[in-house]
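Protein chains: 2
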Amino acid sequence: MPIKHDEAFLARAIAAGAGEVPADLVVKNVRLFSVIDGSTVETDIAIVGDRIVGTLDSYTGDREIDGTGLTAVPGFIDTHLHVESSLVTPFEFDRCVLPHGVTTAICDPHEIANVLGAEGIRYFLDSSLETVMDLRVNLSSCVPATAFETAGACLEIEDLLPFCDHPKVIGLAEFMNFPGVLARDPKALAKLAVFQDGHIDGHAPLLSGLGLNGYLAAGIRTDHEATTAEEALEKLSKGMTILMREGSVSKDLEALAPILTPDVSAFVALCTDDRNPLDIAEEGHLDSMIRRLIAKGIRPLDAYRAASWSAANAFGLKDRGVIAPGKRADIALLSDFDDCRVNRVISGGLVADDTAYSKREIVEPVGLDSVKVAPVSADKFAIPARNSEADVIGVVPGKIITEHLKKTLPVAGGKTLVDLDQDVLKVAVVERHKGTGNIGLGFVNGFGMKRGAIASSVGHDSHNICVVGADEDAMAHAVNRVIAMKGGFAVADASGVKAELALPLAGLMSLEPFETVREELEDLRASAKDLGCTLDEPFLQVAFLPLPVIPHLKITDLGVFDVNKFELVDQGS
Amino acid sequence: MPIKHDEAFLARAIAAGAGEVPADLVVKNVRLFSVIDGSTVETDIAIVGDRIVGTLDSYTGDREIDGTGLTAVPGFIDTHLHVESSLVTPFEFDRCVLPHGVTTAICDPHEIANVLGAEGIRYFLDSSLETVMDLRVNLSSCVPATAFETAGACLEIEDLLPFCDHPKVIGLAEFMNFPGVLARDPKALAKLAVFQDGHIDGHAPLLSGLGLNGYLAAGIRTDHEATTAEEALEKLSKGMTILMREGSVSKDLEALAPILTPDVSAFVALCTDDRNPLDIAEEGHLDSMIRRLIAKGIRPLDAYRAASWSAANAFGLKDRGVIAPGKRADIALLSDFDDCRVNRVISGGLVADDTAYSKREIVEPVGLDSVKVAPVSADKFAIPARNSEADVIGVVPGKIITEHLKKTLPVAGGKTLVDLDQDVLKVAVVERHKGTGNIGLGFVNGFGMKRGAIASSVGHDSHNICVVGADEDAMAHAVNRVIAMKGGFAVADASGVKAELALPLAGLMSLEPFETVREELEDLRASAKDLGCTLDEPFLQVAFLPLPVIPHLKITDLGVFDVNKFELVDQGS
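Quick note, the sequences are listed as chains A and B, same order.
Sequential numbering from 1 applies to the first sequence in my numbering.
Sequential numbering from 1 applies to the second sequence in my numbering.
Incorrect hints may have been included.
You can't tell identical chains apart in this list, so a pair holds if it fits in one copy or across any two.
[Claimed, not checked] Restricting the straight-line Cα-Cα distance to at most 20 Å, the calculated cross-link-like pairs of lysine to aspartate or glutamate (DMTMM-like) are: (1) 187 x 6; (2) 318 x 197; (3) 415 x 473; (4) 251 x 197; (5) 318 x 423; (6) 529 x 37; (7) 359 x 24; (8) 4 x 185.
Simulated from the structure, these hints should not be mistaken for laboratory data.
Only chain A is shown next, with the shape it has when bound in the complex (with noise of 0.2 Å):
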């Protein structure tokens, strides 16, 4: 929970910043670095609670840490992410992205919010009270997506407003609804004009000149889906601060590093958006962000101020993002100044170690019976033949945009089937939520697979059970073993399931250690290449099919959707 900063707070902390008694916590003979002018000096930080109360002294505390060796910069901000996208509860999210620096995390808890609803978000905010990182949210602002799929849930004004005093709320997440702005639709402007006095995040990808001027114009602050230098400069320029996006699927570092100059560093913050945990495993997390800045040339000051102050100063979290008596106890001590490595984390005050996350109060799953849906025979995957050339989703890989290709598939006894040798297989989505028994049926170019099944109930942004597949009968299992699950991923071929891992909370999350996720992502993801899967993240590139927000073409749970015309496609005869 977080401390109170009243009279007894304060009187401790003045007493012990002026030196007259011992601090709570104190890093010895630590080199500071400064996010304000990028000068180093050899000091001791003294902490009480969460609280940094002295620097550039000599201090003693109840607590001493040996900083010897160890430079210590502000902790690291992502502003912007989904903490569903690393499968694991925000507890177990808290244990494996701290140890990366990461004190603050900006969630947006949109995922569990399509499946949920209200309950999705007050589960965060329940967690983000105990968290050892501080876990801030951003309220969900277009759930679902659009109208053109079935969610579990449906947000409008009404359902935000009870979360608005929340001491953990920050404002309104990514307002990826620029059409509905652009069009003053009632609704997204009911919910922007709530927001005018807090933050309202943006989500904006290629918009520019005057509609993004009308978008910004709403009193939007903030934008991650800069894609190119360009895009990016404009969005800049226009008074937005650019959140530079890394995550697992969605790659901007290399395009948007060249802006993170001197000048224009306080305006460039850093994001994951969405990382998995096999990633965050393999490269890290914000540190690794921070790494690959300075070794493409970015100056050390710049990048580690946009990874802390220039960050909270864009969330108005005037609290922290430097290291100075006063601010939020939020360390990153780097054994490794230039390549970022992290030896230890200090969050609000913690010394983020087994001892701080034992101290925390558990927050009980909720929707762990989010999955419902009878189990399908394979039969309902069939397509019916038609006389024109089917319209195929091309998978791009290692991005969430698809292409629409046109494909003359082969047609036997009345239906159209899948075509190995051009690589289409079928894709199916199955509703989950509210038992229509609706089940969207097209066709997929790109995975690869030369027999079996891909499932997943993650499938952005209303998670319905997503399938992709050579075969009907490996589909049926998939999807029943999702299913069965309550939520989950599978691989499975004619004879049944070969690997799987279980996400009951919500459809989207495990109650298992990342750990082990980690494990059985690593299963899963060697069972699909066993199927002939060439895609590096199989289960991402299924979970971004069904999102009818990216272009060109995508799946729900209604059909085949092309964005570009924002509309279902007539896959009548």
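Go by the hints and put chain B onto chain A.
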């Protein structure tokens, strides 16, 4: 009154920003200077209500201003000032200072609060809803400044709480009682605790090392009292934003200009603290600070950024500080960029002209009967003879700090007399709030007057009537004229009053236009000079003689005060 940013407003702003409908106001063909990256681009700027809705594009508007040849920079933000020091009402301050490009003034109504208490703060808040500039208020934190004087009011946290949610309130004003903070005075802690999540402005002259750390541990964030680069650099390195001050008396620009480097300009802002209308007429306001900084070799990007974005940021004003869609329409249009010559000003979307000023709903002045003391007779200024040397306040021209002198003075008829040869005059402070009859008496060196007296109901911070004179009749004339005017400045000789300025609003502010006040001040200066006064700013020097928080020797209605010992001087024999 502030414009409501409701759905209807947003719909209009978005539509105009997107170029679908005309804006309310467009500045055509202006060079837009970016405080983000230092670039200059020719563009139109479109405005709806108080908000910029479009830049870097072409627009039409219901009203259009030709910006050809002008450079647009964000309106300047004065981060700390006392409107009362301008001697005019907030409405006249608005009309006087806004043309200098100052679109936001963060004031501390500390002077009127010392006279009228909460009523004075309320008057400023009411006025702030009507001014064309955005007048913001930090709530006075230390009223009265000490227990060694009789003020008109005492403000505890309970008195401030009713104002906390006012839309124009930012936080707590300059926390000058730094000894109280370090001593953990319960009343100081009570105020600090309430504003932990808001802004707490600092005031910590010469505080450094552990003392500064203790002060900052209380959550204090900004400081305008650094007078050397060394002091400012320590405060910067400890996370404070430095408010570089250049007032009529306290002038720090020369000393602090070197700290305004590219890396640090996000952490430096500008302020005037106390500037009188003569200085504003002769030198300007923040525009003159920018001009001088650039002339001293500071990059224009850093000077203009400090004057706008950095200031906005330090005080949590997220809606301003850059010229960009979605931001408040606060714009200074410059005819000369490097010399910072302001041609025209737009504040909250209003062109600052007579039409805009005439639309303000006048707020009735308060405290018109605040000088509650009967006329005094000359014999009240007699000072009994004593055997020891007299303690004499040594005025330092252009400084509010004083020296503590010891002088042997002539004695006659059981009285100690003035000594013109040693330039030692009498000084008295006549209590005017509570009817105590208190008159503090003492001697002062440094005014140079050979006859007559000057009196003022402005006397920091309690604002009793302070008079300096060479003879007792003149002192009585001057004081009684101030009483008759219900406050003001007066110059008198033995024959009567020679010049005057009425300040009937709380004894601090004129009800006349600033131009009239300026003329009367010139008369007063000339009259003081006629008496032999050698000081450039005789009334400011008089007004700071009673300020018992500035070293070394001061005077209150209770007597001569040794600031270093923090006690009244024993003036017995």
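* Asked: Should residue 415 paired with residue 473 be assigned to within, between, both, or neither, using CA atoms and 20 Å as the limit?
  -> within (15 Å within a copy, 115 Å between copies)
* Check residue 529 against residue 37 for me: Cα-Cα at most 20 Å, and say if that holds within a copy, between copies, both or neither. => Classified as neither: same-chain Cα gap 50 Å, cross-chain 48 Å, threshold 20 Å.
* If the cutoff is 20 Å on CA atoms, where do residue 4 and residue 185 land: within, between, both or neither? Let me know, please. => Answer is between; shortest inter-copy Cα gap is 19 Å, intra-copy 41 Å.
* To do: Can you give me the call for residue 251 and residue 197, within, between, both or neither, at a CA distance of at most 20 Å?
  => neither (31 Å within a copy, 35 Å between copies)
* Could you figure out if residue 318 and residue 423 sit no more than 20 Å apart (CA to CA) within one copy, between two copies, both or neither? => neither (53 Å within a copy, 52 Å between copies)
* Evaluate residue 187 and residue 6 at a C-alpha cut-off of 20 Å and name the case that applies: within, between, both or neither. => Intra 40 Å, inter 12 Å, cutoff 20 Å: inter-copy only.
* Asked: Between copies, within a copy, both or neither: which fits residue 359 and residue 24 at Cα up to 20 Å?
  -> within (17 Å within a copy, 57 Å between copies)
* Asked: Given a CA cutoff of 20 Å, do residue 318 and residue 197 count as a within-copy pair, a between-copy pair, both, or neither?
  -> Answer is both: 15 Å inside a copy and 8 Å across each meet the 20 Å cutoff.
Hints 4, 5, 6, counting from the list given before, are not met by this structure.
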